[in-house]
Amino acid sequence: MSLDAERRLPASARWRRALLNGRVSAVLILLPPALILFTLFVTLPLGESAWYSLFNWNGYGTPSNFVGIANYERILNHSVFHIAVGNTLKIVAVSLVIQMPLALFLALLIHRKTPTNAVFRLVFFLPYILAEVAAGLIWSFVFDGNYGVTASIAQSLGMGNVFILSDPDWAFAAIMTVIVWKYFGFHMMIYIAALQSVPQDQIEAARIEGATRAQVVRYVQIPHIRPAIAVSAFFAIIGALQVFDVIIPLTNGGPSNQTHTIVTYLYTFGLTRLNIGFGSAVGVILFVGAVTVAVFYQRIFMKRAEA
Amino acid sequence: MTRNILRVTLLLIVASFVLAPMIATILGGFKTNAEIRTNALGLPAMWNTEFYGQIITDPAFWRYLRNSLVISIGSVVLTLIVGAAAAYVFAQIRFFGSRMLFSYILLGLMFPFATAILPLFIKVRDIGLLDTWWAVILPQTAFSLSLAILLFRTFFAQLPKELFEAAYIDGCGYVRFFWRFTLPLSAPILATVGVFVFVQSWNNFLLPLVVLNSREVFTWPLGMMQFRGEYVTQWNLTLAFVTLTIVPAIVFFLAAQKYIVAGLTGGAVKG
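Chain order of the listed sequences is Y and V.
With UniProt numbering as the guide, the letters of the first sequence map in order to residues 1 to 307.
With UniProt numbering as the guide, the letters of the second sequence map in order to residues 1 to 271.
One or more hints might be untrue.
FRET-style restraints, in silico, Cβ to Cβ [as the list claims (entries may be wrong)]: (1) Y/Glu209 / V/Ser16: 33 to 43 angstroms; (2) Y/Ser79 / V/Pro184: 57 to 67 angstroms; (3) V/Ala15 / Y/Arg273: 40 to 50 angstroms; (4) Y/Leu89 / V/Gln257: 45 to 55 angstroms; (5) Y/Glu209 / V/Leu10: 22 to 32 angstroms; (6) V/Thr32 / Y/Pro223: 20 to 30 angstroms.
These are calculated hints, taken from the structure and not from any lab test.
Small disclaimer: the values here were computed from a predicted structure and weren't measured.
All C-beta atoms in this analysis are idealised placements derived from N, C-alpha and C, irrespective of residue type, glycine included.
Given only the sequences and the hints, what does the whole structure look like? Please build it.
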């Protein structure tokens, strides 16, 4: 900053001022706290994950029992890990095929600013603000075959007790229902914001030229919100990789490990059994997966969406 | 006309799918267990308030809430101060390596929390913070920094430069300018980020689960799981507990709606 006022000061005062008020001291005072916190608790643990993953280590003392890539081999050959990856992919599929179309459909119905629409918007968004654990407990009540809503319905239909969450065939479908319930409002909000930015005159022009409602949606509105759809799909995929909280109160990974996701797998087989090396290897695999998704997605879809 | 009736009917069906479990939960807190068993969905025959009363008079319930509050507010304050300070430097001062450091911080946007959870546990234990509020506050803040710094920097870069030059002539340096002018002028973005960090912290489960062991420091999601484990057969107590934590969440959302939706629609959400 070349200000005249500064030049008129004597050299010693200029130095003192530069030290107290200048850029150098600002950088040295304001920047380090963030860099230290970020390094200490975000990037360093990632590096440590990679290091720990090469040991058979229970977390006490220093890692000593070097096993190379044995942990990775065990994980990749572990049938429960296959289930966890499969379940994670199922969540991705349900998000893309059921949740997002549902959210888009609802957004198209209620994106206009009217009082009724505002109420529906609020209602659909409510599950998103609940803690996952609360959502999980609420739904574990719904699915409880002895006391819950399922029990009441089954009874009135004369079906006897139905235990969805302890049924290996149905438990994960139930979990996916909860996930759709919890997150569709989030995607809907993204679409609503995008739909509100569609220029009204384009819609009117299309109408005047005789476009039906469906044609307006297909040729005007959806093309316009394509970037929002790309973003919401990205969140759906990255979110699916991290599902954990909802599972614990609902099934805790059971029955017989059928409802694990990658993160519940990491937690159960890494931490609760104090296999820090093993769990760290799961973390590294998850990290590689997340970064791969992020990089590829940005290369392929985000670019196309911008164009 | 018929189209509108169809539309509203559809919306009402979805709305009942959304609300029914919540309403069943709130009503369940007023029912005896025998009644929940036969009538999980309907109105209670008698509005028993004793189950709610039992939760409210339980000191553990208030302890869980206090811990959550302290941890959430701590995370918000730390994220705002530390994040804004760094973002201010990135926005106002160009120096060798500043772009690289900024990219470094942005890397955090790609990392799922869970990937680093085990080394985090080891680190927190080795530092001696296990079972303390800091064990949650520090990592949580660190993970919020990427998004916070990104948003703050964009905002700070838009502040008028003339203001700074005037202040500089009056002898006000970068650090003091940051405290006296930048922060107060940035209230809207501080609120948006603050609300987001608060909600994330309030709902966080994995990190507290890993770094908190004793009930004295449990946050409410942990406390709720603990409680459920102890009262497996008493749904009415659990439902009352859940209700007493989701109702404040809903009230908070209604109050902070503007900021939550603003943060969301700005594409400013991770996961």
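Cross-check of the supplied hints:
Distance hint check: the CB atoms of Y/Glu209 and V/Ser16 are about 39 angstroms apart, consistent with the given range 33 to 43 angstroms. Roughly 58 angstroms separates the CB atoms of Y/Ser79 and V/Pro184, a value that falls within the hinted 57 to 67 angstroms. Remark: the range hint 40 to 50 angstroms for V/Ala15 to Y/Arg273 is upheld by a beta-carbon distance near 43 angstroms. At about 34 angstroms, the CB distance of Y/Leu89 to V/Gln257 disagrees with the hint of 45 to 55 angstroms.
Checking the proposed 22 to 32 angstroms range against Y/Glu209 and V/Leu10 shows it holds: the Cβ atoms sit about 28 angstroms from each other. For V/Thr32 paired with Y/Pro223, a C-beta distance near 56 angstroms fails the hint of 20 to 30 angstroms.
Checked against the numbered hints given earlier, this structure breaks hints 4 and 6; the rest are met.
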